[in-house]
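Student: Start from chain A and add chain B according to the hints.
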Amino acid sequence: MDFLIFKAPILMVQASLDGILLGILFALIAYGMALQWGVMNIINIAQGDLVILGGYIAYTMYLAGIHPAWGVIVSPIIMYFVGWALYKLVINKVVDRDLFISILATFGIAIVFQQLMNFVFGADVVVAQSEYGTTMLFDNSVTLPNSKIFAAFISVLYAIGLVIYMKRSRLGRAIRATAQNARAAKILGVDTEKVYAATFGINAALCGIAGALISITLTLHPYVGLPYTVRSFMIVIVAGLGNLPAVAISGMGLGLFEEFADYILGTEFRIGAVFMLLVFILVYRRFKLSKKREYLK
Amino acid sequence: MMKQKDLILYSGLIILGLAAPFLFSAFKVQLTYLCVLIVLAMTWNLQGGEMGYNSFGNILFYGLGMYLTASVQVGMFFPLAEWTESGGEKTFVHTTAQYFQGIGVGLLVAAIIPTIVAGAIGYAILGLRGHYFAICTLGLGIAAGEIAGGIEIIGAGQGFTTPPFPAEIVDPEARGQFFYFLSFFVLVVAFVFVKYIYGSRFRLILNAIRDNEDKAEAMGIQTMKYKIVGWMCSAFFCGLAGGIMGGLIGYIDSTDVAFDGREMGVFMVLMAILGGKGTLWGPIIGATLFHFFKEGLWTFILGWQYVALGVLIVVIVVYFPEGLMGWLREKYPDRFGETIDEKDRKAQVELK
Chain A
3 MDFLIFKAPI LMVQASLDGI LLGILFALIA YGMALQWGVM NIINIAQGDL VILGGYIAYT
63 MYLAGIHPAW GVIVSPIIMY FVGWALYKLV INKVVDRDLF ISILATFGIA IVFQQLMNFV
123 FGADVVVAQS EYGTTMLFDN SVTLPNSKIF AAFISVLYAI GLVIYMKRSR LGRAIRATAQ
183 NARAAKILGV DTEKVYAATF GINAALCGIA GALISITLTL HPYVGLPYTV RSFMIVIVAG
243 LGNLPAVAIS GMGLGLFEEF ADYILGTEFR IGAVFMLLVF ILVYRRFKLS KKREYLK
Chain B
958 MMKQKDLILY SGLIILGLAA PFLFSAFKVQ LTYLCVLIVL AMTWNLQGGE MGYNSFGNIL
1018 FYGLGMYLTA SVQVGMFFPL AEWTESGGEK TFVHTTAQYF QGIGVGLLVA AIIPTIVAGA
1078 IGYAILGLRG HYFAICTLGL GIAAGEIAGG IEIIGAGQGF TTPPFPAEIV DPEARGQFFY
1138 FLSFFVLVVA FVFVKYIYGS RFRLILNAIR DNEDKAEAMG IQTMKYKIVG WMCSAFFCGL
1198 AGGIMGGLIG YIDSTDVAFD GREMGVFMVL MAILGGKGTL WGPIIGATLF HFFKEGLWTF
1258 ILGWQYVALG VLIVVIVVYF PEGLMGWLRE KYPDRFGETI DEKDRKAQVE LK
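Quick mapping for you: the protein sequence lines, in order, are chains A and B. According to our numbering, the first sequence is numbered sequentially starting from 3. According to our numbering, the second sequence is numbered sequentially starting from 958.
Only chain A is shown next, with the shape it has when bound in the complex (with noise of 0.2 Å):
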């Protein structure tokens, strides 16, 4: 084995902390994934592309001047009522529909967006600097971005708080109750079309706050909003839905994973590592389903 994380083990240092840090932001987009597709059983592809366009509001916040951390307050304000509208314009639509077709129509709704970002934020790969340092770990031979550490510390607190608002407040009981059984809370008097506008737009706020963060420690282009889609979707059918340390615990896994990937097989084929991640995931339950004589549902 000639590989270099091999002959130098510093490296696998590296490798887990980088992606232990990722993995915490791809557990915040699953978090999203995972209570819109519990409460309206929808699997949205844009989810990546709603990142992204998260990312590109704290972008265009340091373009102004202003410092891209800002974007974690900002960013899923205005992200919640992108949400919000686009439930009102197609989502709601969908929602008691069969999968496939929410599937398709938000990969329609994925490519408009990205078309859209791709005009106005244009194709070029951009970073916005949070100017925050680096810190220098193990006699400089390990090297992590203060941003990262800021990143998955904002991704804890949010999580954190978004746990206690839907275990406390009235809205967050309504979008449990509506989860558990729509029929039911309806009859009980929750307005389940409010419930799963607002689940929606929390969802989207997510993404926001994910693309806040993306800003600053990784790089944002208007067409690399897909594996983030695919990272959430593999994130939620691993950990099951609205079981949050599992979340967390698998997405740490998938950053892992990936940081790995990208020492071993290279840089290039890091995205295609992930996507076949999802086909074994996949195929491996099926398997493990099909002895039971069972499958995914």
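If you're looking for bench data, these hints aren't it; they were derived computationally from the structure. Here the structure is a predicted model, which is why all the values come from computation and not from measurement. Glycine residues also receive a C-beta, built at the ideal position from the N, C-alpha and C atoms. Worth double-checking, as some hints may not be accurate.
Claimed, not checked - Some but not every residue of chain B turned toward chain A, in silico, with C-beta under 10 Å: (1) Ile1073; (2) Gly1076; (3) Ala1077; (4) Ala1091; (5) Leu1095; (6) Leu1097; (7) Val1226; (8) Gly1267; (9) Val1268.
As the list claims (entries may be wrong) - For lysine-lysine, the following DSBU-like pairs were computed, each having C-alpha atoms within a straight-line distance of at most 30 Å: (10) B:Lys1182 <-> A:Lys90; (11) A:Lys293 <-> B:Lys1182; (12) A:Lys290 <-> B:Lys1251; (13) A:Lys169 <-> A:Lys90; (14) A:Lys293 <-> B:Lys1251; (15) B:Lys1172 <-> A:Lys290; (16) A:Lys95 <-> B:Lys1251; (17) B:Lys1182 <-> A:Lys95; (18) A:Lys294 <-> B:Lys1172; (19) A:Lys290 <-> A:Lys169.
Stated by the list, open to error - Computed footprint of chain B on chain A; a stretch qualifies when at least three of its residues, placed anywhere within it, have a C-beta under 8 Å from a C-beta of chain B: (20) 60-66; (21) 74-85; (22) 89-99; (23) 116-123; (24) 180-190; (25) 224-236.
Tutor: Here is chain B on its own, set in the frame of chain A:
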């Protein structure tokens, strides 16, 4: 036996198809595209519409066929690695005989290998159902593009130039005509094949799988076997279509031409839905309409075409999921050989 009306229809269409490149000489490339699109929509419909397994990943076989045809065409006569490294045609030139031999063998390989691949991965992938299958195949298609983009011997990120049409044939019309008749031939074969399937027990089994797979299994149908065969049929024609398109376009890029999930991969699903899933003529009509719409409008909305495409997807899927044939069927059920019991219909209305 074929009815006389059908006979007139089919012979008319074949004559039209054969005459088309001479009648619309300027549109030969578009007509070739149309044939390929119809083949893709029709074969997608076999497992998307008839079997109920909505695949986003048939682009995998299309791209595979494209790369295979070009690789075989080059590799038969010249070292493949040097060809892609030098950017293709500059160093090596195919003679006329070499070109046609190459493309013949290439298309054969492009049809067979994707079929084998579909059979090999079918058991694993087709065990997934519904949206898991859709997402898994979406992942497969994109992964294939990303991986192909990293492989040096087929040009990696810089692309792969397919052998140019032999320069010894001076007739400027020849290239367009060759690719048109090739694709038209594949279209006719695909149509005859799909038509045959529509009249066979195989279609009923596929429909049973679509309607309720568990019950179909309980009735003693080995669903997995038929699902794999259904997918292999699609893969066969997708590979052929890809091979032809590779030759026609003349340049293969991993994510923008071959494993082009954003265009071809969506187009085939969209065309089948537009025309009506699960009908023989639906995908054909859908593909034709879509192609006319696309060619007619694309140039006017330059730059905005993907926005238009996205909006089109949303509109078709949300408001028009049954497609054109489904709509006609609702409107004129007797034309489709269906009778509706008036009493039953009224009773249903009252229940609402």
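Student: Decide, hint by hint, whether the structure agrees.
Tutor: Going through the hints against the structure:
1. Ile1073: Where the cut-off is 10 Å and the nearest Cβ of chain A is about 18 Å from B:Ile1073, the hint is violated.
2. Gly1076: This interface hint is violated because 15 Å lies over the 10 Å limit.
3. Ala1077: violated (12 Å)
4. Ala1091: Given a least distance of 6 Å, the restraint on B:Ala1091 holds.
5. Leu1095: holds (8 Å)
6. Leu1097: holds (6 Å)
7. Val1226: holds (7 Å)
8. Gly1267: holds (3 Å)
9. Val1268: Check passed: Cβ of B:Val1268 comes within 6 Å of chain A, closer than 10 Å.
10. B:Lys1182 <-> A:Lys90: violated (43 Å)
11. A:Lys293 <-> B:Lys1182: Answer holds: A:Lys293 to B:Lys1182 is near 18 Å, not above 30 Å.
12. A:Lys290 <-> B:Lys1251: violated (44 Å)
13. A:Lys169 <-> A:Lys90: holds (26 Å)
14. A:Lys293 <-> B:Lys1251: Roughly 47 Å between the alpha carbons, so the hint for A:Lys293 and B:Lys1251 is violated.
15. B:Lys1172 <-> A:Lys290: Given pair B:Lys1172, A:Lys290 holds - Cα atoms ~22 Å apart, limit 30 Å.
16. A:Lys95 <-> B:Lys1251: holds (26 Å)
17. B:Lys1182 <-> A:Lys95: With a Cα-Cα distance of about 36 Å, the restraint between B:Lys1182 and A:Lys95 is violated, given a limit of 30 Å.
18. A:Lys294 <-> B:Lys1172: holds (17 Å)
19. A:Lys290 <-> A:Lys169: It is violated: about 34 Å lies between the C-alpha atoms, which goes past 30 Å.
20. 60-66: Since 0 is below three, the answer is violated.
21. 74-85: violated (count 0)
22. 89-99: Answer holds; 4 residues pass the 8 Å Cβ test.
23. 116-123: With 4 residues in contact (Cβ-Cβ under 8 Å with chain B), the coverage given for the segment 116-123 of chain A holds.
24. 180-190: violated (count 0)
25. 224-236: That given contact holds, which follows from 3 residues of the segment 224-236 of chain A lying within Cβ reach (below 8 Å) of chain B.
Checked against the numbered hints given earlier, the structure breaks hints 1, 2, 3, 10, 12, 14, 17, 19, 20, 21, 24 and satisfies all the rest.
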